[in-house]
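Q: Line order of the protein sequences matches chains A and B.
Note that full-length UniProt numbering numbers the first sequence so that position 55 is 55, with each residue one more than the last.
Note that full-length UniProt numbering numbers the second sequence so that position 222 is 222, with each residue one more than the last.
In case anyone wonders, no lab produced these hints; they're calculated from the structure.
Warning: the hint list may mix true and false statements.
Just so you know, same-sequence chains aren't split out, so a pair can sit in one copy or run between any two.
Calculated cross-link-like contacts (lysine-lysine; reagent style DSBU-like; alpha-carbon spacing at most 30 Å) [what the hints assert, rightly or not]:
no., residue 1, residue 2
1, 183, 194
2, 169, 250
3, 251, 79
4, 125, 250
5, 281, 125
6, 7, 250
7, 39, 88
8, 169, 7
9, 281, 169
10, 289, 194
11, 3, 169
12, 61, 244
13, 39, 3
14, 192, 3
15, 273, 169
All figures in this text were calculated on a predicted structure; none of them were measured in a lab.
Number of protein chains: 2
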Amino acid sequence: MQKNAIKIFSPATIANVSCGFDVIGMALERPVDEIILRKSSHSGIRILNIHGARLSTRPDKNVVGVVLYTMLNQLPNIKYGLEVEIFKNIQPGSGIGSSAASAAGAAVGANLLLGDRFTTTELVKIAMEGERFASGIAHADNVAPAIMGGFTLVRSYHPLDLVELHVPKNLWATVLHPKIEIKTSEAREILKKKVLMSDAIKQWGNVGALIAGLYQENYELISRSLEDVIVEPVRSILIPSFYKLKMECKKAGALGGSISGSGPSVFMLSCGKAKAQYVAKCMDEIYAKLGIDYTIYVSPINSQGIQWEWITE
Amino acid sequence: MQKNAIKIFSPATIANVSCGFDVIGMALERPVDEIILRKSSHSGIRILNIHGARLSTRPDKNVVGVVLYTMLNQLPNIKYGLEVEIFKNIQPGSGIGSSAASAAGAAVGANLLLGDRFTTTELVKIAMEGERFASGIAHADNVAPAIMGGFTLVRSYHPLDLVELHVPKNLWATVLHPKIEIKTSEAREILKKKVLMSDAIKQWGNVGALIAGLYQENYELISRSLEDVIVEPVRSILIPSFYKLKMECKKAGALGGSISGSGPSVFMLSCGKAKAQYVAKCMDEIYAKLGIDYTIYVSPINSQGIQWEWITE
Chain A
1 MQKNAIKIFS PATIANVSCG FDVIGMALER PVDEIILRKS SHSGIRILNI HGARLSTRPD
61 KNVVGVVLYT MLNQLPNIKY GLEVEIFKNI QPGSGIGSSA ASAAGAAVGA NLLLGDRFTT
121 TELVKIAMEG ERFASGIAHA DNVAPAIMGG FTLVRSYHPL DLVELHVPKN LWATVLHPKI
181 EIKTSEAREI LKKKVLMSDA IKQWGNVGAL IAGLYQENYE LISRSLEDVI VEPVRSILIP
241 SFYKLKMECK KAGALGGSIS GSGPSVFMLS CGKAKAQYVA KCMDEIYAKL GIDYTIYVSP
301 INSQGIQWEW ITE
Chain B
1 MQKNAIKIFS PATIANVSCG FDVIGMALER PVDEIILRKS SHSGIRILNI HGARLSTRPD
61 KNVVGVVLYT MLNQLPNIKY GLEVEIFKNI QPGSGIGSSA ASAAGAAVGA NLLLGDRFTT
121 TELVKIAMEG ERFASGIAHA DNVAPAIMGG FTLVRSYHPL DLVELHVPKN LWATVLHPKI
181 EIKTSEAREI LKKKVLMSDA IKQWGNVGAL IAGLYQENYE LISRSLEDVI VEPVRSILIP
241 SFYKLKMECK KAGALGGSIS GSGPSVFMLS CGKAKAQYVA KCMDEIYAKL GIDYTIYVSP
301 INSQGIQWEW ITE
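So here's chain A without its partners, still in its complex pose:
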């Protein structure tokens, strides 16, 4: 089989998993972006089509293009070009890793097409350049789980040190995406530069317990640990009815949750599909009354990360 074209399935991801602000991310099974990458006899990068979102098809103005340029700059001997078609199912600005899905998908897809030349950590680094283009910050906590699957922890950036965490079998996510705009840069600006030592200690106690809970598959411990005393109290003001939503979802059986990324999406984790669906119903009942458009997703944790199929043409 000639490996000249590949279709990439790049999942939504949740960064800032509660107490794990800036360090813990996780991958969902849906929604999923699709990216088709083809070798082309024309040199350079061409984005032929973007379906499902209004984004520039100019490669230097598009996350996918930026990532492909970053990769090709490291491979000066590649003689052919790349053509791209993008099917966005993860809405830009949703806070569930839309730019990360594009960036990570482009990195993984191009790497496979170009002969599997990069390690996972290298691919994350390349995809981070897409994040830098999208938000001004080359953060890893969406692209790492998109590429690696499951829960990932970014221990450090210098050097980049990524840790794959254990995923309990029966963990599901329910995600509410209110169709309001929150810019990542603004969500970042409202955070304080300093935090109370006592709050920081609580936070790292919760981070430690959350990770122990994942390894122990102890859902009660996970539930108790899903507590963010530092970022959620500040950012939640940007999300309509956040605390009501959280309280009612927990009453409905959710283990807990928080803001996805820098919002506006809100995620809740549950033990099992039935509870996750019931949490979705609860979210629906609250948001149906608010007069804001919204979408709700129910998904298991995606333990595989990006998937692909070769295209025979």
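Based on these hints, arrange chain B on the given structure of chain A.
A: Below, chain B without anything else, positioned relative to chain A:
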């Protein structure tokens, strides 16, 4: 067998395990305090002897006595008294849980003598009153690992939520106790009330990675995660040649380490007994030149916690 007397073996513990300031503690196999508790026909509490340390034998002025009073106040129907003998092998002020060994040992011993009436968490709470008496703060990160063994995480104090962590098989500790005085209260005062958000994020990334490393038995990950960017830089000034010691121990093969509790002891973790012994040699070479008295301990992690034997008399 009449269960009228018991001998308790209560181990040294290390609190503030590097990045896990105030939340992660661990138990050592040595040194170990011994406490003998006997039922007595005289009502009340009597401390007959304390060997190995100059501490008050007045029960209201001694950690063991305070803990026993705390327990007996919760059991108003106990008709007999308690007699205590204490053999201190863990030096008061060493920073390796001397008061905690007394407090936890008294709680576990009296509970067994009185018919096993308390849960582990209740015993930790009772032992914490001994810590409150000793240092003014009812902290749990020494008494919890003393009672539960291994590595423990204090997720929260209100309510008290203790998490037992996985202990890698081959993890050893080397502890240097420089015979200088650092008061816990003073070591606490030099800490800042606020910390940089960026430092706090690094810290909880390291806490998360350390716990993942323990579960994965990934010694390299444990090594990279033993980094405290918040407390160690401030407190290490109290300990002679701290950074030289740390650097040389890591060169000698230690995974990493930090200040034990609020000092003055310094601990290093290693993979295997031979490396831990080599680290001890390295510590010895550096401290032999300083003109300060010191003791060095080499110990595996104690996964059992407090042990005991009944005494037949």
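Q: Does each hint hold? Answer for all of them.
A: Comparing the hints with the structure gives:
1. Proximity of residue 183 to residue 194 under the C-alpha cut-off of 30 Å is found in both arrangements, the shortest distances being 22 Å within a copy and 27 Å between copies.
2. Taking the shortest alpha-carbon separations for residue 169 and residue 250, only the intra-copy value of 20 Å comes in at or below 30 Å, while the best inter-copy value is 38 Å.
3. Taking identical chains as interchangeable, the C-alpha atoms of residue 251 and residue 79 are never at most 30 Å apart, the minima being 58 Å within one chain and 47 Å between chains.
4. Taking the closest pair of Cα atoms, residue 125 and residue 250 come within 30 Å of each other only across two copies (29 Å); inside a single copy the shortest separation is 36 Å, beyond that limit.
5. In this homomeric assembly, residue 281 and residue 125 never come within 30 Å of each other (Cα to Cα): the closest approach is 38 Å inside a single copy and 41 Å across copies.
6. Neither within a single protomer nor between protomers do residue 7 and residue 250 lie at most 30 Å apart by alpha-carbon distance, with minima of 38 Å and 47 Å respectively.
7. For the homomeric pair residue 39 and residue 88, the shortest alpha-carbon distance inside one copy (21 Å) is at most 30 Å, but the shortest distance between copies (74 Å) is not.
8. Taking the closest pair of Cα atoms, residue 169 and residue 7 come within 30 Å of each other only inside a single copy of the chain (28 Å); across copies the shortest separation is 44 Å, beyond that limit.
9. With identical chains, the CA atoms of residue 281 and residue 169 are at most 30 Å apart within one copy only, with a shortest distance of 23 Å there and 46 Å across copies.
10. Taking the shortest Cα distances, residue 289 and residue 194 never come within 30 Å of each other, neither inside one copy (37 Å) nor across copies (41 Å).
11. Taking the shortest alpha-carbon separations for residue 3 and residue 169, neither the intra-copy value of 34 Å nor the inter-copy value of 46 Å comes in at or below 30 Å.
12. For the identical chains of this complex, residue 61 and residue 244 are neighbours neither inside a copy (39 Å) nor across copies (50 Å), given an alpha-carbon limit of 30 Å.
13. For the homomeric pair residue 39 and residue 3, the shortest alpha-carbon distance inside one copy (9 Å) is at most 30 Å, but the shortest distance between copies (81 Å) is not.
14. When the C-alpha separation of residue 192 and residue 3 is checked against a cutoff of 30 Å, the pair qualifies neither within a copy, at 49 Å, nor between copies, at 58 Å.
15. Taking the closest pair of Cα atoms, residue 273 and residue 169 come within 30 Å of each other only inside a single copy of the chain (11 Å); across copies the shortest separation is 36 Å, beyond that limit.
When held up to the earlier numbered hints, the structure conflicts with 3, 5, 6, 10, 11, 12, 14 and fits the remainder.
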